[in-house]
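Chains H and B, in that order, give the protein sequences.
Take 1 as the starting number for the first sequence in this note's numbering and just add one per residue.
Take 1001 as the starting number for the second sequence in this note's numbering and just add one per residue.
None of these hints come from the bench; they were simulated from the model.
Among the hints, a few may not be true.
BS3-like mimics (lysine-lysine), calculated; alpha carbons at most 30 Å apart, straight line [as the list claims (entries may be wrong)]:
no. : chain 1 : residue 1 : chain 2 : residue 2
1   : B       : K1415     : H       : K38
2   : H       : K100      : H       : K38
3   : B       : K1297     : B       : K1315
4   : B       : K1614     : H       : K88
5   : H       : K41       : B       : K1162
6   : B       : K1255     : B       : K1241
7   : B       : K1255     : B       : K1204
8   : B       : K1237     : B       : K1212
9   : H       : K72       : B       : K1204
10  : B       : K1403     : B       : K1416
11  : H       : K73       : B       : K1614
12  : H       : K38       : B       : K1162
13  : B       : K1207     : H       : K100
14  : B       : K1614     : B       : K1204
15  : H       : K88       : B       : K1415
16  : B       : K1065     : B       : K1614
17  : B       : K1416     : B       : K1388
18  : H       : K73       : H       : K100
19  : H       : K90       : B       : K1065
20  : H       : K41       : B       : K1667
21  : B       : K1204     : H       : K100
22  : B       : K1085     : B       : K1614
23  : B       : K1358     : B       : K1370
24  : H       : K100      : B       : K1162
Partial pick of chain B residues on the chain H-facing surface, computed with a CB cut under 7 Å [unchecked claim]:
no. : residue
25  : D1038
26  : E1074
27  : C1077
28  : F1091
29  : G1095
30  : S1147
31  : E1271
32  : I1540
33  : I1544
34  : R1548
35  : G1560
36  : M1569
37  : K1614
Quick list of simulated restraints, FRET-style, between CB atoms [said to hold, decoys possible]:
no. : chain 1 : residue 1 : chain 2 : residue 2 : range
38  : B       : E1659     : H       : L123      : 46 to 54 Å
39  : H       : K90       : B       : P1393     : 26 to 34 Å
40  : B       : A1402     : H       : K72       : 51 to 59 Å
As the structure is a prediction and not an experimental result, all values here were calculated from the model.
C-beta atoms are modelled at their ideal positions from N, C-alpha and C, and glycine is treated no differently.
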Amino acid sequence: MEPEVLDADILLPPVLPFKRVQMSDKYPKGANRGRQWKHLKHILQAENYQNYPPDEPNYVNIEAPPSIYPAKKFCDITGFETHYTDPKTKLRYVNTDVFKRIRYLPNDYVQRYLSIRNAAVVLK
Amino acid sequence: MELSTVALGESVSIIGDLDPGLMKYFDYTRAPLRSPFDSNVVYQFETMEYILDYAFERIGVEGPKVDHPILITECVCNPVHSRSKMAELLFETYGIPSVAYGVDAAFSYKHNQKLGICDNDGLVVCSGFTTSHVIPILHGEPVFEASCRTNIGGYHVTDYMKQLLSLQYPYHVSSFAWEKVEHLKMEHCYIALDYASESQLFQKGAKETDEKVRYWQLPYRPPPVEEEPSEEELARKAAIKEKQGQRLREMAAAKRSSRITEFENELQGLEFLLQQLENVEDHEIPFFLSETGYVSKQEIESAVARVTQSLRKAKGEPVEVEEKTESPSSEKYPLINIPDHMLTPEQLKQKKRQIFIKTTSEGKLRAKQKKQEEELERERQNQQDEEKRLENPELYLEQLRAKQRELAQRVEQRKKLKTNGTRGNGTPVLSGNVGRGERLNAAQKERMRLLTTAAFDRGKGEDTFGIKDEDWQLYKLMSRDNDDNDEGPNEDEAELARVTAKLQEIDPTFVTLVEPSPPATGNGSETPHFRPLTAEDYRITLGIERFRCPEILFQPHIVGIDQAGLDEMVGISMRRLKPELLSHGENLCNSVLLTGGNCLFPGINERILTGIQKIRPFGSSIRVCRASDPLLDAWHGASMIAASPSFSEQVFSRQDYMEKGEEWLRKYQIRYTI
């Protein structure tokens, strides 16, 4: 270790006195880390919220519903409000210059613009 | 909660803000930033443990276990799995006596209530990193049944900005690192009071937009411009060149003169030798000559002739080649005219050789003549062209341009046909296999025909292909690299090149047509440039992006998330309140508190205010205020509650954890009033 790093004292000692089980014993090196942890989706599934009365607030209950106001359409490239959509690429544009630019875009840019809006074609 | 980084390899864990000066010692290219959170729920407890280790160690905990009760913040309606795993971690590994959980937004509200910013009843709008919540507070306690959560937070704003900038400035993608974009967002983004009208301003190009646009200039070094060398420079360079030329000439002259003297010496020596030979007897010649290295008199004579010739060359006199070519043709072919049966076998051989030499030399002569004729022909044509040009420059130019266009088209077409024929759908085509649907040109049709008929369709039963040698000539005919295929286009291409060169000479406005370069509007173009990048291209413009990115907090459908925005959530939350409680909640909107890091955007106060005004009846009192310290107020509030004497009744201890189990944990709720 370089002396600067040692001086800065940013590293923890490998053995900490207040811990009952040290990190190195709990998670031995080389073992498959991270696979064991359940992601949020699985946690929520395992919770079985349907067995409980729906009045009680739980993680899924309090989620906001979709907006009641109709969505405004904005141009994908400039951000102005528009109602025009290119039928070929499904991108939204606001005037002819932007339309020209859209048509010159290579396909992966088109897909990236669409994926910002969650409208890209996902092939699985 | 802070983020932690873990660099693999030496299993070093680094937590918190990185000091860039020290970071260069670690190779963290492989290890990305790790966080124990998935959305706002802790799911990865290994990373959580690292963070807690760091926290306890820095605080200075000693002793065999951490002997303090802990109050830890969690998300709203934390899943029981996360709670229990956290409790397990704290109790088992750290030996903590008791734990309490609380919601950070509520803590923040309590702290601000104490400060007098908000009342006992109100709403807290908390906008975090990955989520945003709206929680009504009644009698000092949060009502979670009526709370509301949207999965939009600072992370999404930064991500949106990063993607927008990367797509608009594809050349500078490497400058848009996550941390940099976050920094930009914090410094320059604001929330517009009304998105539609602000964007109208920009669309019309009104003058107010000039102040609103921020420019970020990336470091740009212009390529070194070659200046026109001044007069003195030119003169100096010319003088140097001349001197060098002179030096070279002198050297050449010196060399030549030395060679001349050398040849003269050699000539003298040889002549002296000849003279000596004449004095010597015949039979003593070999003995005499063995010392000098020459075998016979003829050799010496031929050597003399050679040296004289090279001497003449060195002196710069024209060499008499033509004489030589004439004489050998008459000398060397004496045997040709004599008919065969009069010659001996040796002479026959010699005759064959002479015939061969004669035909080749004649062929060479003929080729030379042809070349000369062609040159003459070209000269004549050029002269004709020049005359035409001088007569009528306009018409000539037009004709030339038309010709060039036609040739270019033809060449391209041929190229396309060729590539279409060889690679119809992008896959390499084996010889003979032509994909379905490809347009077959004549050569390919021919090839197919040859393959199917000549090779495979011979006679019934037996395949006799290959027995005769001529059969294999088939492949020659089929070969793609056949010269016949390429001769045509080569001519066209050569012609095209000539015409283009001519045009470029004569016509100052002629530019070879490349693919049409797309128009560049606004902030640079995304397709390949045909002009060199200037300083302008290195300037990132943050105009409408400044308020377009935080707008997703209020209109999440911009990024495709189908949920309500912040202002609408207030309405939803109030509607979710049970009606009997609502009577109390008439004045909920009187104290709306904004907390969370995301509420630091300038302009958010007014925006939420107008948003609530749209929902509430006309004339109701609405007051929106920001927390005194949106980032750390949760901690302040929590510390306030933890320091109170009633805290010890709130916690659940290890006993409870051992005995009571999950069901109880699910119901656990802290009381926020002191």
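Each hint tested on the structure:
no., hint, result
1, K1415(B) x K38(H), "57 Å, violated"
2, K100(H) x K38(H), "47 Å, violated"
3, K1297(B) x K1315(B), "27 Å, holds"
4, K1614(B) x K88(H), "38 Å, violated"
5, K41(H) x K1162(B), "26 Å, holds"
6, K1255(B) x K1241(B), "21 Å, holds"
7, K1255(B) x K1204(B), "80 Å, violated"
8, K1237(B) x K1212(B), "54 Å, violated"
9, K72(H) x K1204(B), "19 Å, holds"
10, K1403(B) x K1416(B), "20 Å, holds"
11, K73(H) x K1614(B), "21 Å, holds"
12, K38(H) x K1162(B), "29 Å, holds"
13, K1207(B) x K100(H), "26 Å, holds"
14, K1614(B) x K1204(B), "27 Å, holds"
15, K88(H) x K1415(B), "29 Å, holds"
16, K1065(B) x K1614(B), "55 Å, violated"
17, K1416(B) x K1388(B), "35 Å, violated"
18, K73(H) x K100(H), "19 Å, holds"
19, K90(H) x K1065(B), "60 Å, violated"
20, K41(H) x K1667(B), "22 Å, holds"
21, K1204(B) x K100(H), "20 Å, holds"
22, K1085(B) x K1614(B), "43 Å, violated"
23, K1358(B) x K1370(B), "18 Å, holds"
24, K100(H) x K1162(B), "24 Å, holds"
25, D1038, "4 Å, holds"
26, E1074, "11 Å, violated"
27, C1077, "5 Å, holds"
28, F1091, "10 Å, violated"
29, G1095, "6 Å, holds"
30, S1147, "5 Å, holds"
31, E1271, "83 Å, violated"
32, I1540, "16 Å, violated"
33, I1544, "5 Å, holds"
34, R1548, "5 Å, holds"
35, G1560, "2 Å, holds"
36, M1569, "6 Å, holds"
37, K1614, "10 Å, violated"
38, E1659(B) x L123(H): 46 to 54 Å, "52 Å, holds"
39, K90(H) x P1393(B): 26 to 34 Å, "52 Å, violated"
40, A1402(B) x K72(H): 51 to 59 Å, "53 Å, holds"
Hint check: violations occur at hints 1, 2, 4, 7, 8, 16, 17, 19, 22, 26, 28, 31, 32, 37 and 39; the rest are consistent with the structure.
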